[in-house]
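A.B. asks: We have chain C already, so just place chain W on it with the hints.
Protein chains: 2
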Amino acid sequence: MTRTIGVTEVVLRDAHQSLIAIRMAMEDMVGACEDIDQAGYWSVECWGGATYDACIRYLNEDPWERLRTFRKLMPNSRLQMLLRGQNLLGYRHYEDMVVDKFVEKSAENGMDVFRVFDALNDPRNMARAMAAVKKTGKHAQGTICYTISPLHTTEGYIKLAGQLLDMGADSIALKDMAALLAPQPAYDIVKGIKDTYGDVQVNVHCHATTGVTLVSLMKAIEAGADVVDTSISSMSLGPGHNPTESLVAMLQGTEYTTNLDPERLVRIRDHFAAVRPKYKAFESATLVDTDIFSSQIPGGMLSNMESQLKQQGAGDRIKEVMEEVPLVKADAGHPPLVTPSSQIVGTQAVFNVLMGRYKVMTGEFADLMLGYYGECIGERNPEVVEIARQQAKKEPITVRPADLLTPEWDALVEATSKLEGANGSDEDVLTYAMFPTVAPGFFTTRDEGPKNVGKTPEQMAAEMDAAKGASKAVTGPITYKVSLGGRDHSVTVERA
Amino acid sequence: MTRTIGVTEVVLRDAHQSLIAIRMAMEDMVGACEDIDQAGYWSVECWGGATYDACIRYLNEDPWERLRTFRKLMPNSRLQMLLRGQNLLGYRHYEDMVVDKFVEKSAENGMDVFRVFDALNDPRNMARAMAAVKKTGKHAQGTICYTISPLHTTEGYIKLAGQLLDMGADSIALKDMAALLAPQPAYDIVKGIKDTYGDVQVNVHCHATTGVTLVSLMKAIEAGADVVDTSISSMSLGPGHNPTESLVAMLQGTEYTTNLDPERLVRIRDHFAAVRPKYKAFESATLVDTDIFSSQIPGGMLSNMESQLKQQGAGDRIKEVMEEVPLVKADAGHPPLVTPSSQIVGTQAVFNVLMGRYKVMTGEFADLMLGYYGECIGERNPEVVEIARQQAKKEPITVRPADLLTPEWDALVEATSKLEGANGSDEDVLTYAMFPTVAPGFFTTRDEGPKNVGKTPEQMAAEMDAAKGASKAVTGPITYKVSLGGRDHSVTVERA
Numbered sequence: 001m002t003r004t005i006g007v008t009e010v011v012l013r014d015a016h017q018s019l020i021a022i023r024m025a026m027e028d029m030v031g032a033c034e035d036i037d038q039a040g041y042w043s044v045e046c047w048g049g050a051t052y053d054a055c056i057r058y059l060n061e062d063p064w065e066r067l068r069t070f071r072k073l074m075p076n077s078r079l080q081m082l083l084r085g086q087n088l089l090g091y092r093h094y095e096d097m098v099v100d101k102f103v104e105k106s107a108e109n110g111m112d113v114f115r116v117f118d119a120l121n122d123p124r125n126m127a128r129a130m131a132a133v134k135k136t137g138k139h140a141q142g143t144i145c146y147t148i149s150p151l152h153t154t155e156g157y158i159k160l161a162g163q164l165l166d167m168g169a170d171s172i173a174l175k176d177m178a179a180l181l182a183p184q185p186a187y188d189i190v191k192g193i194k195d196t197y198g199d200v201q202v203n204v205h206c207h208a209t210t211g212v213t214l215v216s217l218m219k220a221i222e223a224g225a226d227v228v229d230t231s232i233s234s235m236s237l238g239p240g241h242n243p244t245e246s247l248v249a250m251l252q253g254t255e256y257t258t259n260l261d262p263e264r265l266v267r268i269r270d271h272f273a274a275v276r277p278k279y280k281a282f283e284s285a286t287l288v289d290t291d292i293f294s295s296q297i298p299g300g301m302l303s304n305m306e307s308q309l310k311q312q313g314a315g316d317r318i319k320e321v322m323e324e325v326p327l328v329k330a331d332a333g334h335p336p337l338v339t340p341s342s343q344i345v346g347t348q349a350v351f352n353v354l355m356g357r358y359k360v361m362t363g364e365f366a367d368l369m370l371g372y373y374g375e376c377i378g379e380r381n382p383e384v385v386e387i388a389r390q391q392a393k394k395e396p397i398t399v400r401p402a403d404l405l406t407p408e409w410d411a412l413v414e415a416t417s418k419l420e421g422a423n424g425s426d427e428d429v430l431t432y433a434m435f436p437t438v439a440p441g442f443f444t445t446r447d448e449g450p451k452n453v454g455k456t457p458e459q460m461a462a463e464m465d466a467a468k469g470a471s472k473a474v475t476g477p478i479t480y481k482v483s484l485g486g487r488d489h490s491v492t493v494e495r496a
Numbered sequence: 001m002t003r004t005i006g007v008t009e010v011v012l013r014d015a016h017q018s019l020i021a022i023r024m025a026m027e028d029m030v031g032a033c034e035d036i037d038q039a040g041y042w043s044v045e046c047w048g049g050a051t052y053d054a055c056i057r058y059l060n061e062d063p064w065e066r067l068r069t070f071r072k073l074m075p076n077s078r079l080q081m082l083l084r085g086q087n088l089l090g091y092r093h094y095e096d097m098v099v100d101k102f103v104e105k106s107a108e109n110g111m112d113v114f115r116v117f118d119a120l121n122d123p124r125n126m127a128r129a130m131a132a133v134k135k136t137g138k139h140a141q142g143t144i145c146y147t148i149s150p151l152h153t154t155e156g157y158i159k160l161a162g163q164l165l166d167m168g169a170d171s172i173a174l175k176d177m178a179a180l181l182a183p184q185p186a187y188d189i190v191k192g193i194k195d196t197y198g199d200v201q202v203n204v205h206c207h208a209t210t211g212v213t214l215v216s217l218m219k220a221i222e223a224g225a226d227v228v229d230t231s232i233s234s235m236s237l238g239p240g241h242n243p244t245e246s247l248v249a250m251l252q253g254t255e256y257t258t259n260l261d262p263e264r265l266v267r268i269r270d271h272f273a274a275v276r277p278k279y280k281a282f283e284s285a286t287l288v289d290t291d292i293f294s295s296q297i298p299g300g301m302l303s304n305m306e307s308q309l310k311q312q313g314a315g316d317r318i319k320e321v322m323e324e325v326p327l328v329k330a331d332a333g334h335p336p337l338v339t340p341s342s343q344i345v346g347t348q349a350v351f352n353v354l355m356g357r358y359k360v361m362t363g364e365f366a367d368l369m370l371g372y373y374g375e376c377i378g379e380r381n382p383e384v385v386e387i388a389r390q391q392a393k394k395e396p397i398t399v400r401p402a403d404l405l406t407p408e409w410d411a412l413v414e415a416t417s418k419l420e421g422a423n424g425s426d427e428d429v430l431t432y433a434m435f436p437t438v439a440p441g442f443f444t445t446r447d448e449g450p451k452n453v454g455k456t457p458e459q460m461a462a463e464m465d466a467a468k469g470a471s472k473a474v475t476g477p478i479t480y481k482v483s484l485g486g487r488d489h490s491v492t493v494e495r496a
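Line order of the protein sequences matches chains C and W. The numbers in the numbering used here rise by one with no breaks, and the one at position 129 of the first sequence is 129. The numbers in the numbering used here rise by one with no breaks, and the one at position 466 of the second sequence is 466.
Bound conformation, chain C alone (with noise of 0.2 Å):
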């Protein structure tokens, strides 16, 4: 009567990506794959967004090589990635075209388990990316990002289950990226899910920020949730992930068992331990963080508003701030806070509490409330969004973003055959489409082959500090662009 719980090993893409500034450099990685390929994983997580971003503007490494890398040393895992829907892996929304081209190559390149998200979980956001994914014959994984608010509930949550599975999901994730997901709420999402559309895979997705997610996937599994997403432990915990080895012996003696292999599981664990030191310069500091829970505000966003104020000469006003976020975001329709909403929000409320509520607006947020990033959970205040209309000067909108945007694919391979060092290749023009500042330089460099091989942590200290300014741009302020209605929006925000 046991049943096998599937793992989803993360340590390839989102361990080091919340644990070292998502630095780590191949060279690190292909030593543990043929140990990864065997411990019995059901999927191996090794590609998104920020680490092809760092691949291309850190470690001159080229991502689709990275990817066909991955592919040759685990010929028996399924490789999973994580995509923001209309987004893909960039900052702005993307014309279907070019939607189809990514997923498309992505499969090609050796992609098999796509999880496609958006930030505010608007299905419309997601709806192309997932019906590529389907035209591939791949494996499409919808996902639901959760979040607690007033409007929020567990009946929400299975009905955007309900949705997904509309669109032809294989599978359902529910993400946790702020590590809020108690156990209770888990259990009820994951059973609720169960209950209403029957054997629909369930996958759950925590951070450890808060110290209290390892329960949360314990109440999941007992809910009937079918695999969990945990980081070898060599490389877990803190804002990262729950350690895959706890999770194993978390399910001793239960009707649960993983089957994974754990003399794999100690070498996997050995190679990244003795990889880890080389990045101590980019480790983070947070080790367990429960003011979430009562604050309703991410760690990220807390520390942006206040170096916001801070450079305001208005530092003493934070707790202000604090009281003002939540009425922003119940204007706004209750956006979940992460990147990009956490950002806009919070900046609004400073400015409203600087300059008086919504006398000065940023675009961004106007934006959000004309519906240009989708639409949110609850109404807008409609006060607000009139306002909005005023100051931006834009009509609100109510279609899918992206049917705003002409076909862009064309352009786009022009403008990258112009590059230097640019191979020709579609999966090119979608490197220079979604990071069109970097990609030029990357592909001049490119034939110099990865850098950091080989270094040392002082080397790499070095190296942070020399580049702050440059680093900054991954662990420190974003700036996220959306060009919609014939113009270009823009905010720079410090990442959740």
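Note that these hints are calculated values from the structure, not bench results. Quick caveat: nothing in here was measured; it's all calculated off a predicted structure. Mixed in with the good hints there might be a few duds.
One copy or any two copies: either way a pair holds, since identical chains are not told apart in the list.
[Claimed, not checked] Simulated crosslink set (EDC-like; lysine to aspartate or glutamate; CA at most 20 Å straight-line):
(1) 191 / 255
(2) 194 / 170
(3) 191 / 222
(4) 319 / 270
(5) 135 / 270
(6) 191 / 170
C.D. replies: Okay, now just chain W, sitting in the frame of chain C:
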């Protein structure tokens, strides 16, 4: 229908013992006491052998004064201590009258809850201390030390709980010092105790080392556990304990609650977050370690055996020793592998590999085989008992070890009275009795008052470097003494 779960906060004792080598000075605790007193804990663990030792060895604090200060600063709280049964807070068995005196004086100075344990789970080593607590009218908590072996079963633990209840235990503690208690056994043992003995209070104490024990606390609560041990988040995880705030979050939306005051928790957390950097030099490096689940050998024991082998130029034979450990353990009747049995078994395993099986037996292993530490769960191998008898030239005993001791209180009073600086109190006699080599020095310097007041992290680190030998006496090897049968036995061992 909500059930309130009691919480024992361990930050004032076990947390800093596990995380920063027991070094926290009273000056760094007093500031948190009011918030701890008001937060709504079931009890506050604040006293035990290692903190007592550190007080007189490193901090020049009178541990009794510390206890009285806690009593004064936390008038609404149950103060709790950890008591090593017949060993009290020292490293040998004490004659019964000393046990009575210690408990009486502890109660008089303000102790409320006595958690009484024995490393071998021999009820006879706990009985006198339990009776002494009952005589004072304070809370006597009988303790089950949890371990894993072929002989340790849920039924066995339930039976032991019954023996403790027969002694008049006001509650039963399930104590998991190695973070070995997986969720399912936690559930089964607590459920079994509740089902067998009715509404007895069950407390569960887990360390966090393996990353899985917050789940164990959840399952223990589901099985009916009444009180669980946690530590405030800024002094939690790794070889320490699960974070108090994570426990609170874990129970959100369930039928359980802690009723802890969240604002008090924030203040307690911030207090210790501010204090902790001072002790950076003493920080433990372990974040998560799940090896013990497969090897059954605690981390401290393994590193001790490795260093013994290296000293003999046989560092490459660790694998043989690891295979020898289970055999030696079985010969000894499966003692739990905790201090001191882990070191006694480990050292004998090393001897067996290097010199042939039981060709040379340590005095301590002979004592273990002959019953001088008490009874183990299993029968001892009669052939090995015979070897022990011949090598140690003494007979096996079946009586309670302390029954062989003659009254010693008067002699201890006499000896203490001759020490410079001793103040004539019973408390000083007890300090001398338990720490005969450290107490005399402490008595002469006591009037100078606490050391380390207001020191910087750098000053603390410098002091640690300077006193590396002494420091080892608590964080490194200790000498464990048993004076029985007219002979003194001692073994120098690494702490678990």
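A.B. asks: If a hint holds in the structure, say so; if it does not, say that too.
C.D. replies: Here is what the structure says about each hint:
no., hint, result
1, 191 / 255, "both (17 Å within a copy, 17 Å between copies)"
2, 194 / 170, "within (14 Å within a copy, 44 Å between copies)"
3, 191 / 222, "both (9 Å within a copy, 18 Å between copies)"
4, 319 / 270, "between (45 Å within a copy, 17 Å between copies)"
5, 135 / 270, "neither (40 Å within a copy, 53 Å between copies)"
6, 191 / 170, "within (18 Å within a copy, 39 Å between copies)"
Of the hints listed earlier, the one the structure fails to meet is number 5.
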